[in-house]
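So the sequence lines, in the order shown, correspond to chains A and B. First residue of the first sequence? That's 0 in numbering that gives the first Met the number 0, and the numbers climb one at a time after it. First residue of the second sequence? That's 0 in numbering that gives the first Met the number 0, and the numbers climb one at a time after it.
Since the hints were derived computationally from the structure, they do not count as laboratory data. Some clues are possibly wrong.
[To be verified] Derived pair list, reagent style DSBU-like, types lysine-lysine, alpha-carbon separation capped at 35 Å:
1) 100/B / 287/A
2) 25/B / 287/A
3) 287/A / 18/B
4) 89/B / 18/B
5) 58/B / 18/B
6) 100/B / 375/A
[Stated by the list, open to error] For the chain A half of the interface with chain B, some residues (derived, Cβ under 10 Å), not all of them:
7) 268
8) 273
9) 297
10) 304
11) 316
Don't be surprised by glycine CBs; every beta carbon is placed ideally from N, CA and C.
Given next are the chains, with one letter for each unit.
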Amino acid sequence: MGLAAIGVIAAMIWWTYSEVEDANHQRQVTSEIRRGLSELKLVTFEYHLQHSERARAQWEATADRVDRFIANARFPEPVQTEILAELRENRAAGRRLFVKLTAARGAGREDATLDEASRRFETQLLRQLLTYQQENFDDSSRLNDFATQRIIDAQWRMMIVILAGLALITSVIVGASWLMRRGVLKPIARLQQATRQVAAGNLDFVLGMHGDDEIGELSKNFDAMTKSLRGSFAQIGSSNQALAVLNEELEAFSYSVSHDLRGPLRSMDGFAMVLLEDYGDKLDEEGKDALQRIRAASQRMGNIIDDLLRLSQVTRAELNVTRVDLSAIAREIADAIDREQSGRSVQWAIEAGLSVRADPALMRIAMQNLLQNAWKFTGRSDRPLIRVGALERDARTVVFVADNGVGFDMTHADKLFGAFQRLHHVGDFPGTGIGLAIVRRIIRRHEGRIWAQAKEGEGATFFFSLKESEHGSDEQDHPAG
Amino acid sequence: MDQMSKTILLVEDNPDDVKLTLRAFKRNNMLNPIVVARDGVEALDFLFARDAYAERAGKPPPTLVILDLKLPKLDGLEVLRAIRGDDRTKFIPVVILTSSKEQQDLMQGYALGANSYVRKPVDFTEFMEAVRLLGIYWLMTNQPPPERHTA
Numbered sequence: 000m001g002l003a004a005i006g007v008i009a010a011m012i013w014w015t016y017s018e019v020e021d022a023n024h025q026r027q028v029t030s031e032i033r034r035g036l037s038e039l040k041l042v043t044f045e046y047h048l049q050h051s052e053r054a055r056a057q058w059e060a061t062a063d064r065v066d067r068f069i070a071n072a073r074f075p076e077p078v079q080t081e082i083l084a085e086l087r088e089n090r091a092a093g094r095r096l097f098v099k100l101t102a103a104r105g106a107g108r109e110d111a112t113l114d115e116a117s118r119r120f121e122t123q124l125l126r127q128l129l130t131y132q133q134e135n136f137d138d139s140s141r142l143n144d145f146a147t148q149r150i151i152d153a154q155w156r157m158m159i160v161i162l163a164g165l166a167l168i169t170s171v172i173v174g175a176s177w178l179m180r181r182g183v184l185k186p187i188a189r190l191q192q193a194t195r196q197v198a199a200g201n202l203d204f205v206l207g208m209h210g211d212d213e214i215g216e217l218s219k220n221f222d223a224m225t226k227s228l229r230g231s232f233a234q235i236g237s238s239n240q241a242l243a244v245l246n247e248e249l250e251a252f253s254y255s256v257s258h259d260l261r262g263p264l265r266s267m268d269g270f271a272m273v274l275l276e277d278y279g280d281k282l283d284e285e286g287k288d289a290l291q292r293i294r295a296a297s298q299r300m301g302n303i304i305d306d307l308l309r310l311s312q313v314t315r316a317e318l319n320v321t322r323v324d325l326s327a328i329a330r331e332i333a334d335a336i337d338r339e340q341s342g343r344s345v346q347w348a349i350e351a352g353l354s355v356r357a358d359p360a361l362m363r364i365a366m367q368n369l370l371q372n373a374w375k376f377t378g379r380s381d382r383p384l385i386r387v388g389a390l391e392r393d394a395r396t397v398v399f400v401a402d403n404g405v406g407f408d409m410t411h412a413d414k415l416f417g418a419f420q421r422l423h424h425v426g427d428f429p430g431t432g433i434g435l436a437i438v439r440r441i442i443r444r445h446e447g448r449i450w451a452q453a454k455e456g457e458g459a460t461f462f463f464s465l466k467e468s469e470h471g472s473d474e475q476d477h478p479a480g
Numbered sequence: 000m001d002q003m004s005k006t007i008l009l010v011e012d013n014p015d016d017v018k019l020t021l022r023a024f025k026r027n028n029m030l031n032p033i034v035v036a037r038d039g040v041e042a043l044d045f046l047f048a049r050d051a052y053a054e055r056a057g058k059p060p061p062t063l064v065i066l067d068l069k070l071p072k073l074d075g076l077e078v079l080r081a082i083r084g085d086d087r088t089k090f091i092p093v094v095i096l097t098s099s100k101e102q103q104d105l106m107q108g109y110a111l112g113a114n115s116y117v118r119k120p121v122d123f124t125e126f127m128e129a130v131r132l133l134g135i136y137w138l139m140t141n142q143p144p145p146e147r148h149t150a
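Kindly produce the complete structure, drawing on both the sequences and the hints.
Spelled out as structure tokens, the structure:
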């Protein structure tokens with residue numbers, strides 16, 4: 000459309016240009032004719048005054064030139080052709096008159112003076128000739144005017160065509176941009192809105208734009224995408240629901256483990272004791288030993304159940320992260336151990352100022368397990384020493400608990416943190432094998448890492464690092480954090 | 000008031016635990032009469048002298064209620080709520096004696112006005128000790144609320 004308009008304008012400009020060229024040529028021709036005619040007029044006067052042969056020859060030459068011009072002139076307009084024909088006619092009449100004039104003059108050449116009658120005739124002829132010449136001149140003027148008019152017309156036409164073309168181009172541009180707006184920009188704006196909605200979580204948003212173009216295709220694909228997203232989210236939702244149900248069942252399970260399993264154990268222990276107390280005198284040593292073993296086993300199972308429950312509580316407990324003074328906690332635990340187990344003397348080396356961002360209750364449980372372990376496994380050391388400290392590794396604070404106890408063989412280190420995994424015999428070092436599993440779960444809940452290094456007979460060191468949620472460990476603590 | 004008039008209401012559904020608890024009281028020389036209710040409804044019937052315990056109307060309330068939490072019909076926390084919600088019983092000392100040490104049970108127990116919360120140990124020796132301490136404290140040391148003869 001726009002191209003067509005530009006083509007039309009170009010054609011019009013070319014046409015106008017050739018028109019103006021043509022008209023200019025016409026004007027040139029008519030100017031030439033006019034110039035010839037006015038020259039002819041002068042020559043006529045000259046002849047009239049001198050009657051010389053030279054003047055006559057000049058008149059003839061000029062007249063021939065003018066007639067040649069007129070004969071060669073070709074004009075497109077019928078009016079112009081008419082004028083041209085009239086011009087030719089008048090010119091022919093003028094030439095006849097001049098021949099007459101020269102003949103008249105030629106007859107009386109011998110006499111220096113002409114008689115009155117001849118002079119009058121000559122004057123009359125001349126007047127007629129001049130009249131024709133004047134008419135010729137007028138005709139050529141009219142032709143000239145025509146040419147000029149043609150130029151003006153062509154210019155006008157060109158201006159109108161250019162203006163119309165510009166108007167056309169403008170309307171084409173406006174129309175095209177409107178079409179573009181309706182067909183491309185608006186759908187794109189809607190698509191943009193849709194992506195924003197979906198990004199914000201509104202998966203029910205449907206574009207519903209149907210078209211055979213790329214935008215329509217895009218819109219259809221977009222709707223298909225949100226639909227499949229909806230499906231996936233629904234699936235995730237139902238999976239989450241199932242998980243929540245499972246979690247609830249797990250909680251109910253651990254609750255009934257706590258309540259229901261301990262009841263029978265208490266009965267076993269209690270009635271074994273009743274037997275020992277009331278009927279002990281009727282039992283031999285082996286019978287009493289059997290009852291003692293029943294009691295011991297019941298109690299051990301009670302401890303295992305309690306530890307399992309502790310493990311599940313550690314998993315379920317809500318994290319309240321705040322700044323925790325590990326040194327103070329370690330100190331308190333060490334003091335409590337010393338108080339309760341006054342039979343043994345252990346040297347504690349607890350570094351001051353150990354501080355981490357963590358849940359205080361869970362960190363206390365973790366430290367309790369680590370220190371109790373260290374205490375337990377230094378039971379056979381000559382000079383038991385338990386160290387608690389920290390070191391920087393990869394820009395992270397790593398806390399360690401080191402002892403000089405029995406240690407363990409590093410080839411079994413992978414079993415260290417599993418529930419019910421033990422590297423020593425219960426008879427040597429009592430325990431349920433849950434303690435380090437609890438510690439690892441606590442560290443993992445803080446997105447941290449725990450590992451150990453040990454050598455049999457030379458002690459063990461446990462390291463852990465926590466995820467540092469903030470930089471700068473010396474800053475003031477915010478309870479809400 | 001002599002020891003014999005200080006009744007204890009033991010709310011416990013597990014007959015083994017009933018037997019062991021009674022043995023613990025006896026072994027610790029606490030000879031108070033002990034009434035056993037085997038579910039929550041029976042406990043409230045006794046406390047409010049209803050149905051099977053209608054003849055108790057007008058008699059003084061028990062000096063101590065030992066309450067298990069997991070009970071048939073009406074659970075221990077509901078029993079506690081009913082005890083604290085009635086003018087006749089709201090001051091009776093209630094000791095929760097249970098296997099559970101779930102945080103939520105502890106919280107709810109205290110929130111509903113339990114005077115004490117004791118977890119039953121598996122080890123019978125420890126259990127005996129716990130019952131002994133309970134008896135000494137609530138039956139001998141503690142000064143009970145003044146008896147109310149009018150409801």
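*Assess, step by step, whether the Cα of residue 89/B is no farther than 35 Å from the Cα of residue 18/B, and give holds or violated.*
The hint holds at about 28 Å.
_Checking one constraint from the list: CA of residue 100/B to CA of residue 287/A, max 35 Å. Satisfied?_
The given pair, whose Cα atoms are some 32 Å apart, holds under the 35 Å limit.
_Would the hint linking residue 25/B and residue 287/A be met if the CA-CA limit is 35 Å?_
holds, 23 Å
_Given the hinted pair residue 287/A and residue 18/B, is their Cα-Cα distance within 35 Å?_
Judged against 35 Å, a Cα distance of about 22 Å means the pair holds.
*Hint check, residue 268/A versus chain B [nearest Cβ-Cβ separation less than 10 Å]*: Cβ of residue 268/A sits 5 Å from chain B, so the hint holds.
*Given hint residue 316/A near chain B, where the shortest CB pair must fall under 10 Å*: Holds: closest Cβ of chain B sits about 9 Å from residue 316/A, inside 10 Å.
_Supplied contact hint for residue 297/A, tested at 10 Å Cβ to chain B_ = holds, 6 Å
*Hey, does the residue 304/A contact hint survive, CB to chain B under 10 Å?*
holds, 8 Å
_Does the closest beta carbon of chain B sit nearer than 10 Å to the beta carbon of residue 273/A?_
Result: holds, 7 Å to nearest chain B Cβ.
*Quick one, are residue 100/B and residue 375/A close enough, alpha carbons at most 35 Å?*
This hinted pair holds, its Cα atoms lying about 26 Å apart.
*Satisfaction of hint between residue 18/B and residue 58/B, Cα-Cα up to 35 Å*: holds, 26 Å
Of the numbered hints listed earlier, not one is contradicted by the structure.
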